[in-house]
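K.L.:
Using the sequences and the hints given, assemble the complete structure.
In the order they appear, the protein sequences are chains A, B and C. Count the first sequence with my numbering and you get residues 1 to 357, in order. Count the second sequence with my numbering and you get residues 358 to 714, in order. Count the third sequence with my numbering and you get residues 715 to 1071, in order.
Just to be clear, a hint being listed does not mean it is correct.
Stretch by stretch, here's where chain B covers chain A in the computed footprint (C-beta under 8 angstroms, at least three residues) [as the list claims (entries may be wrong)]:
| hint | region |
| --- | --- |
| 1 | 281-295 |
| 2 | 308-314 |
| 3 | 327-334 |
| 4 | 339-347 |
These are calculated hints, taken from the structure and not from any lab test. Every residue, glycine too, gets a C-beta built ideally from N, C-alpha and C.
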Amino acid sequence: NDSKPTLVHDSEYVIDGRVYGLPEAKVYREDYNGPAVVGEYLTAVPHLAKLDYVGNKTHDVRVDVFSQQVEVAPGVSYSAWTFGGTVPGPVLHVREGDRVVFKMKNRSDKEVVITEPVKDGAPFFSQLQANLYQNNKPVVNPMPHSMDFHSGTVAAEDKWRTISPGETIEFEWIANYPGTYMYHCGTSSVLMHTAMGQYGAVVVSPKDGYPTDDDVDHEYVLVQSEHYLEETNGQYIYNHSAALARDPSHVTFNGHVGALSDTPLRANEGDRVRLHVLNAGPSGTSSFHVIGAIFDRVWYEGDPRNEWYGMQTVLLGASNSATMDFIVPEEGVYKLVDHEFADAERGAAGALIAGPR
Amino acid sequence: NDSKPTLVHDSEYVIDGRVYGLPEAKVYREDYNGPAVVGEYLTAVPHLAKLDYVGNKTHDVRVDVFSQQVEVAPGVSYSAWTFGGTVPGPVLHVREGDRVVFKMKNRSDKEVVITEPVKDGAPFFSQLQANLYQNNKPVVNPMPHSMDFHSGTVAAEDKWRTISPGETIEFEWIANYPGTYMYHCGTSSVLMHTAMGQYGAVVVSPKDGYPTDDDVDHEYVLVQSEHYLEETNGQYIYNHSAALARDPSHVTFNGHVGALSDTPLRANEGDRVRLHVLNAGPSGTSSFHVIGAIFDRVWYEGDPRNEWYGMQTVLLGASNSATMDFIVPEEGVYKLVDHEFADAERGAAGALIAGPR
Amino acid sequence: NDSKPTLVHDSEYVIDGRVYGLPEAKVYREDYNGPAVVGEYLTAVPHLAKLDYVGNKTHDVRVDVFSQQVEVAPGVSYSAWTFGGTVPGPVLHVREGDRVVFKMKNRSDKEVVITEPVKDGAPFFSQLQANLYQNNKPVVNPMPHSMDFHSGTVAAEDKWRTISPGETIEFEWIANYPGTYMYHCGTSSVLMHTAMGQYGAVVVSPKDGYPTDDDVDHEYVLVQSEHYLEETNGQYIYNHSAALARDPSHVTFNGHVGALSDTPLRANEGDRVRLHVLNAGPSGTSSFHVIGAIFDRVWYEGDPRNEWYGMQTVLLGASNSATMDFIVPEEGVYKLVDHEFADAERGAAGALIAGPR
Ligand SMILES: [Cu+2]
Ligand SMILES: [Cu+2]
Ligand SMILES: [Cu+2]
Ligand SMILES: [Cu+2]
Ligand SMILES: [Cu+2]
Ligand SMILES: [Cu+2]
Ligand code: NA
Ligand code: NA
Ligand code: NA
Ligand code: NA
Ligand code: NA
Ligand code: NA
Ligand SMILES: [Zn+2]
Ligand SMILES: [Zn+2]
Ligand SMILES: [Zn+2]
Ligand SMILES: [Zn+2]
Ligand SMILES: [Zn+2]
Ligand SMILES: [Zn+2]
Ligand SMILES: [Zn+2]
Ligand SMILES: [Zn+2]
Ligand SMILES: [Zn+2]
Chain A
1 NDSKPTLVHD
11 SEYVIDGRVY
21 GLPEAKVYRE
31 DYNGPAVVGE
41 YLTAVPHLAK
51 LDYVGNKTHD
61 VRVDVFSQQV
71 EVAPGVSYSA
81 WTFGGTVPGP
91 VLHVREGDRV
101 VFKMKNRSDK
111 EVVITEPVKD
121 GAPFFSQLQA
131 NLYQNNKPVV
141 NPMPHSMDFH
151 SGTVAAEDKW
161 RTISPGETIE
171 FEWIANYPGT
181 YMYHCGTSSV
191 LMHTAMGQYG
201 AVVVSPKDGY
211 PTDDDVDHEY
221 VLVQSEHYLE
231 ETNGQYIYNH
241 SAALARDPSH
251 VTFNGHVGAL
261 SDTPLRANEG
271 DRVRLHVLNA
281 GPSGTSSFHV
291 IGAIFDRVWY
301 EGDPRNEWYG
311 MQTVLLGASN
321 SATMDFIVPE
331 EGVYKLVDHE
341 FADAERGAAG
351 ALIAGPR
Chain B
358 NDSKPTLVHD
368 SEYVIDGRVY
378 GLPEAKVYRE
388 DYNGPAVVGE
398 YLTAVPHLAK
408 LDYVGNKTHD
418 VRVDVFSQQV
428 EVAPGVSYSA
438 WTFGGTVPGP
448 VLHVREGDRV
458 VFKMKNRSDK
468 EVVITEPVKD
478 GAPFFSQLQA
488 NLYQNNKPVV
498 NPMPHSMDFH
508 SGTVAAEDKW
518 RTISPGETIE
528 FEWIANYPGT
538 YMYHCGTSSV
548 LMHTAMGQYG
558 AVVVSPKDGY
568 PTDDDVDHEY
578 VLVQSEHYLE
588 ETNGQYIYNH
598 SAALARDPSH
608 VTFNGHVGAL
618 SDTPLRANEG
628 DRVRLHVLNA
638 GPSGTSSFHV
648 IGAIFDRVWY
658 EGDPRNEWYG
668 MQTVLLGASN
678 SATMDFIVPE
688 EGVYKLVDHE
698 FADAERGAAG
708 ALIAGPR
Chain C
715 NDSKPTLVHD
725 SEYVIDGRVY
735 GLPEAKVYRE
745 DYNGPAVVGE
755 YLTAVPHLAK
765 LDYVGNKTHD
775 VRVDVFSQQV
785 EVAPGVSYSA
795 WTFGGTVPGP
805 VLHVREGDRV
815 VFKMKNRSDK
825 EVVITEPVKD
835 GAPFFSQLQA
845 NLYQNNKPVV
855 NPMPHSMDFH
865 SGTVAAEDKW
875 RTISPGETIE
885 FEWIANYPGT
895 YMYHCGTSSV
905 LMHTAMGQYG
915 AVVVSPKDGY
925 PTDDDVDHEY
935 VLVQSEHYLE
945 ETNGQYIYNH
955 SAALARDPSH
965 VTFNGHVGAL
975 SDTPLRANEG
985 DRVRLHVLNA
995 GPSGTSSFHV
1005 IGAIFDRVWY
1015 EGDPRNEWYG
1025 MQTVLLGASN
1035 SATMDFIVPE
1045 EGVYKLVDHE
1055 FADAERGAAG
1065 ALIAGPR
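P.N.:
See below:
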């Protein structure tokens, strides 16, 4: 487990077993109209791909950027800027020490359809089929965008650089630290680009796991975020003043006020459930709580060394995360909420349904 | 100390030494007009009952729900929804592993008087006598309510279910995890029910204690909360828009802007003072600070394993808590504040007065 | 390193190796018009003085209080209340166990010039020369003020007492606990006095250091704060309603929206950079993040025992701090932000520029 990291490029070097000095990003134009999300370990929230390999691996990952009409609440949809066509974008799962070769085409100037499972695409697509809200419609909205992975340690103005519609960027990053990380568009106004829908989660599993891994029965990913929408002539559009004033119209788990209510998480009495919770903001905190449960273990930011016990509520800043386990005490319904009740009332609520033991 | 937990009902089972699978709640009607708060270990804030028993115990506890005219600031009172007649409600103290058999009658359709000490009632009543603000007047306000103990691990839609005026609910929970926990009404709108006054604290002392227990001279309970009141025709009423906008009219410690100023906490120079601080929200954070002191130890959420040292300020999310010790350095006055000064200015301030060594 | 503390005054006593019971503050009038900031270990942000002594030391420190016209953003300046003439005030660096003999004259009734290096003054003055914004102009604004060091454990109503223009206060405090601490004016309205500019940082280095001390290449101090300014007749003045409503006009690192952009922090690829970050509020939280980096180690509130690992973002309450290390992965620009993007957009952004390895 403590094998030396493999260096691939001349520029790379190691500090404390972690790899730095990755090669420069490449920006080019390619003739690509294939699946917008490619990679074996890319899923739709709340799913997390199983890491069916030992040790480390290089992941070839593509997540293209383009616009979609996306629903946030019943009757409330807007023309979102997206990674891979959904808000939040796909979940990437890798292991500490893995290398990611990432490619993203800015297809915001084209209509991209994502509602059908796609040959050569990621598990992401088949999981979308179960998503009640994926009646998304393609939208054309040409716009510069970029990709910033919090899980990567790189020169941001190189790898996270903004590309124009029609351009593709390609760069690598190493999962140097375990944890659950935000990714998002970093193009200015970053408040606007994230509020428009451009964020998602990367789960970097620790190379030696978490101490309770063997007992986990179900594992899910939750992304909390605020939406700042206003109605104008029957259409919902982004309201930058509201975003600046921290006055969200909706706060959601996994992008829709009903995402985790209409299709609740599942478990059984006596199960150990693990949640990877990312608060994507863009500005608010989350006081994450499961009604009827106490978190047996919490790993702040997902690092197994940041361990807390017996917590009723976990406070997360904007782009903070935690990995948390709880025991399902009885058959029944467990509501998940941001215990900042002004936000729960705006939609930050969901549920886990537990069957009998 | 590591004795096996005692199982009482057929449905119960044990995971990691903790008891789950408690019997279903019972809802019935009873002809009860006795004391609204019953239980030896129930006190009024800032008091905490002494646990005068070894090992574990089953607690028979009653806290009835009903309305009272309650003062929040000089000249500002409103018709509160309460547990036991005060805001916050009574403090329950138990030990990790204890069983609580809880009963609550919804008496919101009747006038209930709580200002007199009550035969067979809890220590809570005699402590209220010292509370300057307990000139509370009974109010009739028939309304469904419920009780959600964060200290319990149960099926919420069973135990925390809503009952109508005239109904009584009875259920059990086990104090599986040590810490300081919020309880509150979970009936929709939960933002409104909590903001109307329905919350309080349960302190679950760790079975092996905290490392500094032997040195603690004084121990107090603080509950911070926001109030969203507006004046209409000389009356103060709850303002739901303000609650949604996170724009509190008052932020208090222990329910009144003067609660800990007019009757300050007491200690002496050189004492180790322990505070159990719960931020009940319903929406805001607390940056809890004692002016002139540094927290020698902080146990986040009250679990002895979540230990921090030497902290000037402790950040708490909505329904987060911490147990914290500080040494009183000199004779004098120590102000307690939410160091989010916009909230301190709205009332989140109190004091501890220290006598000579 | 575990030598017994030296007691100096009869009133002093020791608990757990820490000194309490310091003598009463003295308030008097002195004929002093010398340098407003005196002390070898007082620097201008982002600098931190080197502790060029072993063991403990008594520091004679003066920071006078007076008004200055201070710029917060291009074209936005206001008549600030300051410690030492800048916002934030000077950084004091001491070691755990050190004694500080502190003197402050309230010179708010006089014009005090601080833009020139001063004979017998602190390193603070020469560092100001490199500060683009120190075209501050003296302002007369007679006002009572006080000094509250979070790093001190004392009777606040004695040492932190308010003094009038023309008065000098003198008191002592001991750096009993390591960490990065806020200091600020505690005179009512404390929301107003802090928002007007009266705050800064004390760094108390742990007596046994942090575990990575030997590997640190660069060490900087950052103070985040909100400003509540409104324009009236072409002048910017403090807006108390906005401060109460938590609606800042600007949020800054080190007092100016461009402070860390126009004169960025410096390091090289492969360096370990240490930041001491204080969120001075007065009311908001900070979700502190470095774009392109992950914090290898974080010591919450600066205590080496409060250690976290591998964090993308560190959440700080009002008057919370953290000391954090990160490895600079590549040559390039690393933006520092409050990842609460509504605040980043108001100015809470800066940069570190890394040269080649
Ligand atoms: Cu974008
Ligand atoms: Cu709750
Ligand atoms: Cu209720
Ligand atoms: Cu303070
Ligand atoms: Cu002042
Ligand atoms: Cu980011
Ligand atoms: Na991490
Ligand atoms: Na929230
Ligand atoms: Na706990
Ligand atoms: Na607060
Ligand atoms: Na500290
Ligand atoms: Na902030
Ligand atoms: Zn390569
Ligand atoms: Zn699935
Ligand atoms: Zn299961
Ligand atoms: Zn029973
Ligand atoms: Zn008492
Ligand atoms: Zn005492
Ligand atoms: Zn002395
Ligand atoms: Zn310097
Ligand atoms: Zn360097």
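K.L.:
Against the structure shown, which of the earlier numbered hints fail to hold, in ascending order?
P.N.:
No numbers; nothing is violated.
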